[in-house]
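Asker: One-letter residues, chain by chain:
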Amino acid sequence: MGKSFYTDFDPFLYMNRYDVIIIGAGITGLMTAYKLAHHDLKIIVVEANPEPGWGVSKGHAAVVHVVQLPFSSKKSKMAREGNKMMEDICRELGVRLERTSTLIVATKIHHLLALPFMALYLRLNLGRDFPVKLRGRRYLRHEEPNLTERALGAIEIYGYGVVDSFDLIYALYEFSAANGAEFLFGERVIDVEIGNDEIKVKTDKDRLLTSNFLVNAGGLWADEIAGLTGDEITFELGKGVILVFDRRQTKRLISPAYLKPDPKTKGGAIMFTVEGRGLWGPNLRTAKNKEDVTVEEEDIKALTDKFGPLLKEDLGISIKAYAGIRPIPPENDFRITYSSRSRRIVHILGTESPAYTASPAIAEKVVSMLASSGLRLVPKKKVFPREPFPRIRDNPEGGRGEIVCLCSMVTEEEIREAVRRGSKTLQGVMFRTGAGMGICQGGRCMAEIVRIIAEELGIDVKEVTLRGGNTWIVRK
Amino acid sequence: MDREKIVIIGSGLAGLALAEMFPDSILIEVKRQPGGLFSKDNCPVAGNIGSEMINKLLYGKKVEIETAAYRLDSEGVWVINRNGSKKINGKVILATGFRERTSVELGIYGYRPAGIFPFTAAWDLVNMGYSLGEKVVIYGYNHYSLSLASKLSKLCDKIYIVYSRESLVHSLDEALSLGVDLIRGRIKWVEGRDRISLVKTDSEEIKTDALIIAEFAPWNQLGAEFLAGNAGMILESPLKVVESSMLLAELLKTGGNMERIRGNVPVLPNFVSERFRKVMLGVGTGIRVTVGGHVIITEEPYQVVEIPPGKPIVEVA
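As they're listed, the protein sequences go chains P and H.
Here the first sequence is numbered in our numbering, starting from 25 and rising by one per residue.
Here the second sequence is numbered in our numbering, starting from 81 and rising by one per residue.
Quick caveat, the hints were computed from the structure, so don't treat them as lab data.
Worth double-checking, as some hints may not be accurate.
[Stated by the list, open to error] To be clear about the criterion: a stretch of chain P counts as covered by chain H if any three or more of its residues have a C-beta under 8 angstroms from a C-beta of chain H, and this derived list gives those stretches:
hint	stretch
1	314-322
2	330-343
3	421-429
4	461-467
Using N, Cα and C, we set each Cβ at its ideal position, and we do this for glycine too.
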């Protein structure tokens, strides 16, 4: 029988006072928890979703970015700082990070002519940390055989990365929990009261938490949390669709060259995951509301029109398309700020791309802001490492086990381990293990995974949900 | 033929039929039970019932269950099970069945709520004894969707089958006699935040709490040369699955220089040699097909034809 996922709640907890309450267990909240968990502190993370990383972070394409325009923006600088910090964090947590570069490809002669100027501009801004090279046709033919014959030349920017984004989310959670951070899942914060020497937080389950400091890492809902502390921000909601393919198409990230880049996005790219699947996107449109994760025909058409011409014929099979929603603040930049009411409250606002890349730098900034408001940071004498998630596909010749998911090569033991580590839903197990994410879309493994989850949790199959709430799967 | 061992991946109908012809072959199965999809298929096609054929073919067969094939190389196949992984040398034939076409391929947009099932998942869950919903929409009219509909008709209030192509072996009346509502069209949109609540076709809206995708594509999972059964082309008849495996077995036993068949018509086997040139066409009745330069009009579904000498090309005429 697995351990209970929801932190078994201590009835006297409400009497306990935390040093820091973090609202939101997405990448920024988790990264903050991870940093704080290295210190002797009592912290708790409150998350509305049943598992970590199911908000904005879920829609992330797993790219560790370098270039974000304009270079003078906070998000551009923090992304480059975060990029450099990401490697050590992934190493400490046993999360896969594959370094790669981006090719900005010119297929039109006037774009080709502009490449040297673009390269110079990039070099001036990126400095030595992220080398920039001009590449000719021969190099492209040789290095990227799947690239269209119409590619005339490219700028290659080094220092990009592709990270196992779900594993990083779960690793940060597991590390923080292993080092004393408490987590409260499935509870939404509905009220914040700022006292003279304490902050009171109330959840929709009538739970009362008190703390000295509060971090709003609410992602898409950070505006509402800011509202609870008497601060105001309005997000524009940007929707981005990503198209997933059954195979990786290129060795590097590929992006078409533009003369006038859209300041709101790099305009997406041909990408890939550490599991070897191809990704196209994202585009950027206005979402109708925070739940508007619909994919429309025109999204697919926009992506296909944009990226299709950059590749030769054999593109692979598109497994699925999904939408993510970005919280875009009016200044179109990160806003990491004290509450107007109290310097013991820090808001992390506008965490759209490249917030995933920037998250280590964001967390560092948040922690230093808390420290300058009086949070005492005493490093722990000993931290417990995060146990890397076992994956037979990394070394099948040396492994054993019954395979449940053939597309991603996931064993029954891995499914059980995901449940033991806290996944109670089908989606959680899929995110943690990679099962059901391949070309068969879970056709071959869904029934078996649901059966194993039920067995491991000691519940009936009909009680297993896709992602909590009313997302039931079967009935008796 | 050379003495190379035959290694069959998949102990469904196609794999078992092949093993019948190669008593020395090795038969690998990833699931706990051999028999594959047809072992639970009780829907007759011209009097033949899949589950009965599986039972007959399973008799006396040795199947390595709970063993997954995960990589091919020039000598054979790598497999893994609870005892570890090993390489099995031999001529590998993939008989691992079809895949469901993806929502992007099918042009289904909208939300991604709970209650959307690829056919195989629905098939497994229903055979485990669970119901998928009260009002179920099945997308695709074919032998498999009809067989599932006949199981579901005992479990749920209402079944709709949305289809744009008809089955090659079942009439529409067979669905109607189960009490199924048939809707001609394409599914374009899925609505529902938590559980699926509505699908929109190009002509109507259907309130539903489950959508089963039963549009299929052949699936060469491991990039194998030789394919059998639904891994090679979609076959709606259990008898024809067996027959196509017989053709492949005959081709392999006859030997010769293998040449891959090209063209836009599905065929099995997917190779011919100069000595054996019979193939089964994956099309219905009355279709004009150019077989190695000669035009024929098919007289039955899954007709077997001989490809004349020369380049083996099979195309729609």
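Asker: Take the hints in turn and mark each one as holding or not.
Answerer: Right, here's what the structure says about each hint:
no., hint, verdict
1, 314-322, "holds (count 6)"
2, 330-343, "holds (count 3)"
3, 421-429, "holds (count 7)"
4, 461-467, "holds (count 5)"
Figure legend: structure checked against the earlier numbered hints; every hint is met.
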